[in-house]
Amino acid sequence: MQHSFSTAFLAIVLLSVGLWSCSGPGEAHTYRAENVEVVLTGPLLEGPNTGQIALEIDLASALGAAYTPDTKVTGAQLLQAEVLAGDSVGFDSVRSLVLSFASDNADVPMQEAAFLNPVPAGSDRVALEVAPEAQLGKLVAEGKLYLVLDADFAADYWDGDRRFLVNFELSITAK
Amino acid sequence: MKNLIHHLGLGAAWVLVAMSLLSFSPLDQDAAGDQLLGVWEPSNGRARVKVERIGNKYYGRIVWLIEPNDPETGKPKTDKNNPDPALQNVPLKGYRMLKDFVYQEDGTWSGGTIYDPLNGSTYSCVIKMKDKNTLDIRGYIGVQALGRTDVWKRLAVPGK
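Residue numbers (the numbering used here), protein chains in the order written: chain C, 1 to 175; chain R, 1 to 160.
Because the hints were derived from the structure by calculation, they are not lab data.
From the three backbone atoms N, C-alpha and C, an ideal C-beta is built for every residue, glycine too.
This list has only true hints and no planted wrong ones.
Simulated restraints, written as ranges between beta carbons of each label pair:
1) C:70 with R:153: 49 to 55 angstroms
2) R:130 with C:106: 19 to 25 angstroms
3) C:32 with R:145: 46 to 52 angstroms
From the derived model, a few chain C residues whose C-beta atoms are all more than 10 angstroms from chain R:
4) 26
5) 39
6) 57
7) 60
8) 67
9) 86
10) 121
11) 156
12) 161
The following block holds chain C by itself, in its conformation from the complex:
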């Protein structure tokens, strides 16, 4: 009697664990994008200026063998982000940087994902501080999103555009 009770109890525990893992958020995959070029179109005035670029995240290649047509993204978070100077001017006069992601979907709000304030003088490559609460899952699930880079300039810049390269790494959870 005691043996059958233990077996039943074990079965319930295993079933619960099984159900929990089926209903869990899914498996995490790392997605890395490199040298995403963001152009801030001049003339650029003292203060904050914005550059944006549309990105497409191909889930099939991001998730590899784990991807099936029924795969759903259940969450995504920025793990790290860095900005590199994309021209010879570098970060001259750039006081701070903010990296955000946005979508055309009215139900998916913009998320500020990382920033750096202040930008160290003389840098040509900076790592941003990631905002861990930024939830990017809905944005990534859209497939198409906008990477938005705000740069705060200490002085006017009249000599054309400024270019920056962004590298970032996402943890995408899907099931």
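With chain C fixed as given, assemble chain R onto it according to the hints.
Just chain R now, kept in the frame of chain C:
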């Protein structure tokens, strides 16, 4: 209509149909929505907000503050009331306080939010253009009727 087609001929009628379709094109929708672009000043005159378009949505960043520095530290103000502690060191100048507005057929911009940096709260918001230089910005929680409206004026850009 039959008389018109008969009178104009089939080719001309097709031109009319094409013109009427074009008159409701997404390009016109974009142009109407883009009336919001520019620099605006809230009624208290303490900030200026530049509205830009990202994709098909509209966003507004603080580009000027009457008091840019924190009186306690003497340094540029940061978003110290942000509910996300990781973002409290983001500069207030440049902060995107209007987010995710979509232009609607009724001539409003809605679906977005307005952020109040004084208390770190975010409200639902709808924007109506009273005339090309005046906006009604209505922030609310839940029901529009229970909100508060502020009037923003377009900042004249020299030379325009």
